[in-house]
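Novice: One letter stands for each residue in the lines below.
2 protein chains.
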Amino acid sequence: MKSTARLALVAAVVWGTAAAAQAQLSKEDMIKYRQSGYTFMAWNMGKIKAELEGSNFDAARVAASANVVAAVANSGLGALFAPGTDTGKGWKETRLKPEFFREPDKVRQIGTNFVQQANRMQQVAAGGDKAAIAAQFGELGKACKACHDNFRREE
Amino acid sequence: MKSTARLALVAAVVWGTAAAAQAQLSKEDMIKYRQSGYTFMAWNMGKIKAELEGSNFDAARVAASANVVAAVANSGLGALFAPGTDTGKGWKETRLKPEFFREPDKVRQIGTNFVQQANRMQQVAAGGDKAAIAAQFGELGKACKACHDNFRREE
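Going down the list, the protein sequences come from chains B and C.
Take the first sequence: its position 121, counted from the start at 1, is 364 in our numbering, and no numbers get skipped.
Take the second sequence: its position 115, counted from the start at 1, is 358 in our numbering, and no numbers get skipped.
A hint or two may mislead.
Identical copies look the same in the list; a pair holds intra-copy or inter-copy alike.
BS3-like cross-link-like pairs, simulated, lysine-lysine; straight-line CA separation at most 30 Å [claimed, not checked]:
{"#": "1", "residue 1": "Lys349", "residue 2": "Lys385"}
{"#": "2", "residue 1": "Lys373", "residue 2": "Lys340"}
{"#": "3", "residue 1": "Lys388", "residue 2": "Lys349"}
{"#": "4", "residue 1": "Lys332", "residue 2": "Lys373"}
{"#": "5", "residue 1": "Lys373", "residue 2": "Lys349"}
The hints are simulated quantities; they were obtained by calculation from the structure and are not laboratory data.
So that you can see chain B by itself, here it is in the shape it has in the complex (with noise of 0.2 Å):
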């Protein structure tokens, strides 16, 4: 993996806790990293709902899908949005909107939230209670929703 255009990362994390030790990623693996993590988390996401609306309900499934949810937003993402990275190349272009640096209380109040019905999605799967995984389901939608309608571009 490339390793160019490397950027000092500034304390400020955005949400999750910084991987300090690892703080000499490029732009460009950021970009990759974190669009391989919400990419993978979109698979888990599809999998809960394919068990939701099919026939087969497998809680066990729905909890492995909820826990790579739960884990993905527990990971540090923050350490992946360094000033800049508005702009830039992973596997793709970033779809990051230049108002993600601006609005940092928003961000952290997305961001927490986020890590919130995540974890909360992961303890509800674990519960194997198809209506209240439904619920959460729709609250976990919801936070995921919040972030791509104020900082995602649309492509």
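Here the structure of chain B is known, so what remains is to put chain C in place on it, guided by the hints.
Specialist: Below, chain C alone, put in the same frame as chain B:
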């Protein structure tokens, strides 16, 4: 995300559980999702390595990274390895070797060991003992490498 070239998933899933209800992923999406999962794991493996080599070892950060690796390992990745997906492009051309589909026993053994080592890594990381974490990180790395050596093309 494009969903052309749809493949029917065969019942035989290499490791993990199949998300049967979501069997209609395109070959391209399968490759993209697994590339995303492995790339996001790579970031988290790198974070663990950096913690072990740095001067500010933080057990909570290691645990967060280990949770990602374990969750991805247990997410039913086998469903993303339908026959024929040793060619095709997700984010980039797949590096999966055709041997993957010719040696199911070896794939199962390597895949099962990977899941076991990832689960053990998660447990050990939760314990917070740096020496134990370093030892298990080595075992986990070997489990990853076994698959790379056998079933991943060189770039």
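Novice: Are the hints correct? Go through all of them and say.
Specialist: Here's how the hints hold up against the structure:
| no. | hint | result |
| --- | --- | --- |
| 1 | Lys349 / Lys385 | within (15 Å within a copy, 42 Å between copies) |
| 2 | Lys373 / Lys340 | neither (36 Å within a copy, 39 Å between copies) |
| 3 | Lys388 / Lys349 | within (14 Å within a copy, 42 Å between copies) |
| 4 | Lys332 / Lys373 | neither (39 Å within a copy, 36 Å between copies) |
| 5 | Lys373 / Lys349 | neither (32 Å within a copy, 37 Å between copies) |
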